[in-house]
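Taken in sequence, the protein lines are chains V and Y. Here our numbering is used: the first residue of the first sequence is 1, the next is one more, and so on. Here our numbering is used: the first residue of the second sequence is 1, the next is one more, and so on.
Keep in mind the hints are simulated off the structure, nothing from the lab. Hints are supplied without guarantee of correctness; some may be wrong.
As the list claims (entries may be wrong) - Chain V side only, calculated, beta carbon under 7 angstroms to chain Y, not exhaustive:
no., residue
1, E16
2, H83
3, H116
4, A118
5, H122
6, Q125
7, V149
8, P151
Glycine included, C-beta positions come from ideal geometry on N, C-alpha and C.
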Amino acid sequence: DTDDVGHKYYLELELEDVLDTVSQTVNCTAEVLYPLGSKTSAPDVQVTVQGELRSTEEADKEFYNWIRSLEKELVAENIPDSHGNVPPELEPIHLLAWVASGYVIWQNSTENTKFHLAQVKHVKQVKRSDEDLQFDFVLLLHEMVSQEVLPWEVTLLWHPQRGARVSQS
Amino acid sequence: ANMKLILIFSALIGASLCLETFVGHQVLRIKAKNEEEVRQLQFLESLEHLELDFWINPSASALPVDVRIPAVSVQSVKAFLESQGIEYSILIEDLQDVLDKEKQDMAESAQRQRSSSSFDFGAYHTLDDINAELDHLASEYSFVEKIQIGESYEKRPLYVLKFSTGGSKRPAIWLDAGIHSREWVTQASALWIANKIASDYGTDESITSLLDKMDLFLLPVANPDGFVYTHTSNRMWRKTRSKIPGSICVGVDPNRNWDAGFGGPGASSRPCSDSYHGPSANSEVEVKSVVDFIKNHGNFKAFLTLHSYSQLLMYPYGYKCTRPDDYAELESLGRAAASSIRSLYGTTFQVGTICKTIYQASGGSIDWSYDNGIKYSFAFELRDTGRYGFLLPANQIVPAAKETWLGLKKIMEHVRD
Numbered sequence: 001d002t003d004d005v006g007h008k009y010y011l012e013l014e015l016e017d018v019l020d021t022v023s024q025t026v027n028c029t030a031e032v033l034y035p036l037g038s039k040t041s042a043p044d045v046q047v048t049v050q051g052e053l054r055s056t057e058e059a060d061k062e063f064y065n066w067i068r069s070l071e072k073e074l075v076a077e078n079i080p081d082s083h084g085n086v087p088p089e090l091e092p093i094h095l096l097a098w099v100a101s102g103y104v105i106w107q108n109s110t111e112n113t114k115f116h117l118a119q120v121k122h123v124k125q126v127k128r129s130d131e132d133l134q135f136d137f138v139l140l141l142h143e144m145v146s147q148e149v150l151p152w153e154v155t156l157l158w159h160p161q162r163g164a165r166v167s168q169s
Numbered sequence: 001a002n003m004k005l006i007l008i009f010s011a012l013i014g015a016s017l018c019l020e021t022f023v024g025h026q027v028l029r030i031k032a033k034n035e036e037e038v039r040q041l042q043f044l045e046s047l048e049h050l051e052l053d054f055w056i057n058p059s060a061s062a063l064p065v066d067v068r069i070p071a072v073s074v075q076s077v078k079a080f081l082e083s084q085g086i087e088y089s090i091l092i093e094d095l096q097d098v099l100d101k102e103k104q105d106m107a108e109s110a111q112r113q114r115s116s117s118s119f120d121f122g123a124y125h126t127l128d129d130i131n132a133e134l135d136h137l138a139s140e141y142s143f144v145e146k147i148q149i150g151e152s153y154e155k156r157p158l159y160v161l162k163f164s165t166g167g168s169k170r171p172a173i174w175l176d177a178g179i180h181s182r183e184w185v186t187q188a189s190a191l192w193i194a195n196k197i198a199s200d201y202g203t204d205e206s207i208t209s210l211l212d213k214m215d216l217f218l219l220p221v222a223n224p225d226g227f228v229y230t231h232t233s234n235r236m237w238r239k240t241r242s243k244i245p246g247s248i249c250v251g252v253d254p255n256r257n258w259d260a261g262f263g264g265p266g267a268s269s270r271p272c273s274d275s276y277h278g279p280s281a282n283s284e285v286e287v288k289s290v291v292d293f294i295k296n297h298g299n300f301k302a303f304l305t306l307h308s309y310s311q312l313l314m315y316p317y318g319y320k321c322t323r324p325d326d327y328a329e330l331e332s333l334g335r336a337a338a339s340s341i342r343s344l345y346g347t348t349f350q351v352g353t354i355c356k357t358i359y360q361a362s363g364g365s366i367d368w369s370y371d372n373g374i375k376y377s378f379a380f381e382l383r384d385t386g387r388y389g390f391l392l393p394a395n396q397i398v399p400a401a402k403e404t405w406l407g408l409k410k411i412m413e414h415v416r417d
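Extracted from the complex, chain V is given alone in its bound form:
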């Protein structure tokens, strides 16, 4: 507790790759500072990863090329569907949605919220003139304390080398 500034939390985390549960977990530490008073300010987060995360270069390139090769922009909805299914080719979209949700959750978290991505309600690819892929998402976020499931619009830009960025939300 740093009284005048806010509440600071020190976390020790273990990262597991859900797509590769066989490999070793990676440790990381984080400091999260929830600012006092200001309700609209996102917590400050500092993360240190102790170790290496595996390379996803191949899969990234494959996905990137596939999207770029599509005649019509990709559009999908309800990922997973009501029964929890995700078509295999849409799994990367699901993962990118997860990244996008991470941003939204970070921006909207307080010490009294607990968010999870409930479902990708809608995703639309937007073709760009530059090298990035753009996906406009409508994400359903479930907040545990209030039990609300609310839609959030968020646009994600992604590039194999440059990674993911949220452009607006």
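On the provided structure of chain V, position chain Y as indicated by the hints.
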């Protein structure tokens, strides 16, 4: 072996039915008394234009001769046999009738096969399918009875399966699922559990001794209106579907509507909220029906309820953050149950009071049951911890049900003893 015969038969019948009918065909059984008569029958056999189909051919053996005769030839063959003094009887009066009946029997059998042992417990079902399976379980097992304890807001029946091997108002265990309609793994698990209990009675020592002493009441779909709504309109719907006077929003959180710290912290007074407690305690007929049923019964010893997700095993209180009087026993039993759950697939459940484990929440069902004398009150939050959340893939239903059952069993065994 039976199935194989039916398959072969149907293949043959299928093939033949496509080509011709057997209306008016008769099958005769002919008993040749001597060699001369056998020769006559062999002569008959040689008359190809009659298109006779010998099922058992004429020979010197003592076997009767069975022959199918096309309708047009029936009278002339009979006349021939009579003129030769050869004895015969009619095995089949009209072959087509027999075939038609056989076809009908097979269709009915196939229908029974489909509906009997082939309810897919590893898939999500509609309310109608679930209710059909409840009927099936009740009809298949003498100690299982489907009873209706009330009606939902939209007038859907609230069906409870009663498991009872006798006695009169034996000490009973209550188990419900799906009070929050979007938590689909709970209704699905409840069905699996119902089937498990029914089919294992008599062979599993624990279940048998449990049902020999106690009754079990299982409400697999505690919020049928909400459940239907998750199928037809909004998969994320949680509440009931009751109209709220003065609001455009619909529905009350049925697990904030019980008379236990009603209206306190952890429930919303806003009708549009997903944790809206409702205009008053027990305002929701889905809740009131259960309350009335349990009060009228008067001999419930345990109250267990299934939710998802988060993997938690909780006991009272939710409406206040103080420990219940039976804290030590409930904590220890909870831990034992969580341990049983973990023993199957390694799935970890956190144990504790509602307030400490999840959040302060007033008007919850197990707080009400506990404060009304039902000591063993537990709430389960099933798989997972957020990766799929409410949209748990169907292939996890049975594993979730299996591990949950171990936890429930642990608690039930303790109550029994």
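Outcome of the hint check:
1. E16: violated, 11 angstroms
2. H83: Holds. Min distance 5 angstroms.
3. H116: Constraint on H116(V) satisfied, holds at 4 angstroms.
4. A118: holds, 5 angstroms
5. H122: Check failed: Cβ of H122(V) comes no nearer than 14 angstroms to chain Y, outside 7 angstroms.
6. Q125: This hint is violated: Q125(V) lies away from chain Y, its Cβ roughly 22 angstroms from the closest one there, beyond 7 angstroms.
7. V149: holds, 4 angstroms
8. P151: violated, 10 angstroms
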